[in-house]
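Colleague: As a plain string of letters, each chain reads:
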Amino acid sequence: MDETVAEFIKRIFLKIPMTNIMTILKAWDFLSESQLQTVNFRQRKEPLVQELVLLCEEKCASLNDAALLDIIYIQVHRHQKLWDVFKMNKGPGEDVDLFDIEQFKSSFTKILQRALKNVTVSFRDAEENAVWIRIAWGTHHTKPNQYKATYVVYYPQTPYVFMSLSRLKRNIPLLDQALMIASKHHQIVKIDLRSRYLDSLKAIVFKQYNQFFETHNSTAPLQETSLWLDTNMDLRVIHENKIEKERVQRVTRETFGDCPQPRLEFAQYKLETKFKSNLNGGILADREEPLRCMIKFSSPHLLEALKSLAPAGK
Amino acid sequence: MEPANTLRQDGESKGGILAHLEKLETQMNRSHKRFEEPQRAQAEASTLRTRIHKLRLLRDKLRAEVKQRQARIEASAASAEPDQTLETSEQEVLETKRENLKAILQAYRFTGLSGKLTSRGVCVCIHTAFEGNLLDSYFVDLVIQKPLWIHRHSVPVFIPLEEIAAKYLQIDVQHFLFSLCEHLNAYAGRKYQADRLESDFAAFLAGPLQRNSLCNLLSFTYKREPGGQSFPFCARLLYKDLTVTLPTDVTVTYQGMDALPTSWEEQRVSHENLFRTTSLHKVFTSFAGEGGKLDMSLLP
Chain A
3 MDETVAEFIK RIFLKIPMTN IMTILKAWDF LSESQLQTVN FRQRKEPLVQ ELVLLCEEKC
63 ASLNDAALLD IIYIQVHRHQ KLWDVFKMNK GPGEDVDLFD IEQFKSSFTK ILQRALKNVT
123 VSFRDAEENA VWIRIAWGTH HTKPNQYKAT YVVYYPQTPY VFMSLSRLKR NIPLLDQALM
183 IASKHHQIVK IDLRSRYLDS LKAIVFKQYN QFFETHNSTA PLQETSLWLD TNMDLRVIHE
243 NKIEKERVQR VTRETFGDCP QPRLEFAQYK LETKFKSNLN GGILADREEP LRCMIKFSSP
303 HLLEALKSLA PAGK
Chain B
13 MEPANTLRQD GESKGGILAH LEKLETQMNR SHKRFEEPQR AQAEASTLRT RIHKLRLLRD
73 KLRAEVKQRQ ARIEASAASA EPDQTLETSE QEVLETKREN LKAILQAYRF TGLSGKLTSR
133 GVCVCIHTAF EGNLLDSYFV DLVIQKPLWI HRHSVPVFIP LEEIAAKYLQ IDVQHFLFSL
193 CEHLNAYAGR KYQADRLESD FAAFLAGPLQ RNSLCNLLSF TYKREPGGQS FPFCARLLYK
253 DLTVTLPTDV TVTYQGMDAL PTSWEEQRVS HENLFRTTSL HKVFTSFAGE GGKLDMSLLP
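Here the protein sequences come in this chain order: A and B. First residue of the first sequence: 3, per this note's numbering; consecutive thereafter. First residue of the second sequence: 13, per this note's numbering; consecutive thereafter.
Rather than coming from a laboratory, the hints here were simulated on the basis of the structure. Possibly wrong hints are sitting among the right ones.
Unchecked claim - With a cut-off of at most 25 Å between alpha-carbon atoms, the simulated DSS-like pairs for lysine-lysine come out as follows: (1) Lys150/A x Lys112/A; (2) Lys186/A x Lys179/B; (3) Lys107/A x Lys252/B; (4) Lys107/A x Lys203/B; (5) Lys179/B x Lys89/A.
Claimed, not checked - Derived coverage of chain B by chain A (criterion: at least 3 residues anywhere in the stretch with Cβ under 8 Å from a Cβ of chain A; other residues may be distant): (6) 164-170; (7) 227-235; (8) 252-266.
We put the beta carbon where it would ideally sit given N, CA and C, even for glycine.
One chain only, chain A, in its complex shape (with noise of 0.2 Å):
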């Protein structure tokens, strides 16, 4: 097994926790079932790995054995990305998408083999029919550099695409252009979405949050009682705007659902408005133009801060 890849196995095992490391072997499923059994995983990280490595050298790990672990690495600890998000175009009166995982695989690393001579590509299934792309660049001389892989995550028949783009940018192009070629499409475009957290990108740019839809079906009844007015309080105690109360709790769960929401950091707004004023004679009040203006809320998890004002009064 060549030192590079034992090197770059070795250093992969190092990432992973000691909670995680089980999980991520058996996904590999490299390693047979008696080999694993040879090793103590009570040992420390160091010796565990080394343990590890020297069965890999023994089964002669490949390059692309190594790739797939790391993109394993990267499926389970997605949130250590940041993650953009891309959607592409077709022409008008295209024909239907029939998608073809082989042919699509194969498009995709043929244009970038042609282009570059260098470069890694590795391709891994995972839930909901994604495809999970990883690609090490190299260029016409030198070696692909496996340590700043860039990963894109592909929902075929969609045309959204997440990548994780690497301080490379000079590739971008390149990559954007295998993209479109391969899953036929015309165009593909940045949309003003970024984060961590993949899955909450995902339930946005699909609008897959609040699953919960009202039918006559539905055996469990809706929850009558409200989260916050809670029935621990004093009963002498009466609240005053127990309607008003009650119609922000119900528009409050209408928006948001009862499931927990995507994780936003911060949204942005542009707004262009024109300022109204009660009072006669106010610096602003007579303006024509309308203003603009730049809004910015941001915060840890901005949609269940925004849900949880609804009880807090406001």
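Chain A is fixed; fit chain B onto it per the hints.
Modeller: Okay, now just chain B, sitting in the frame of chain A:
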């Protein structure tokens, strides 16, 4: 108290006496105050106590009045019994009507399209089915405003919901819903066929079934008999129309090097026709059932 001291020096003694008197006065004031405070507190407490007493009396009076009125109503109700039974029977009738309506609303799901009014619009539910099997349900929550818009939905991401909405939602809601129903039912049907092939007829497949999210491209290698001596055929099924459950294009090829003997060539062509006209799992059921011959009775 030191009377001996004060009598000894005259000048000083006067000042001494006055000072002494002053001391006694302040002492007295202080002790008066100390007496007064608990007295004041006691006075306040007693006024409050009387107030509580009065309020309790009032409460008891009101309670007694309420009880009286209730008793009066019950008395009058008891005397007017026939009216009451009439009321309950009316109530029972209404109850049964309500239960019936509820059951009808619940049964609407079997039509494939049902909905429930929400505070802002309607939550439409599409129940898919294929060949008499009820499959998944999908929801679309519409907000009734100008323009009509979709608040949220549970339609899978690869169904072209945005396209269908762009075409029909504002112009003709019915058309929108029916088009969406078509797409979803067709998708559910294709998925059902692919799932059945993978689960029930895995013995016929020589490799994994290649499929995509929409299940509109299926590619697999199969044998006419499970583990038998028949040649493996490669089938590629394309569903170019997203509203159909039968493929629009079928290619069955043979992967060997030698030319196919005529009988196998005939089979290849007939398989192509079968795939084009019959649902996938039914084709394989016919393969399994006959074990060698094609079952013509299963063809439509």
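Colleague: For each hint given before, does the structure comply? Return the numbers of the non-compliant ones in rising order.
Modeller: Structure breaks no hint.
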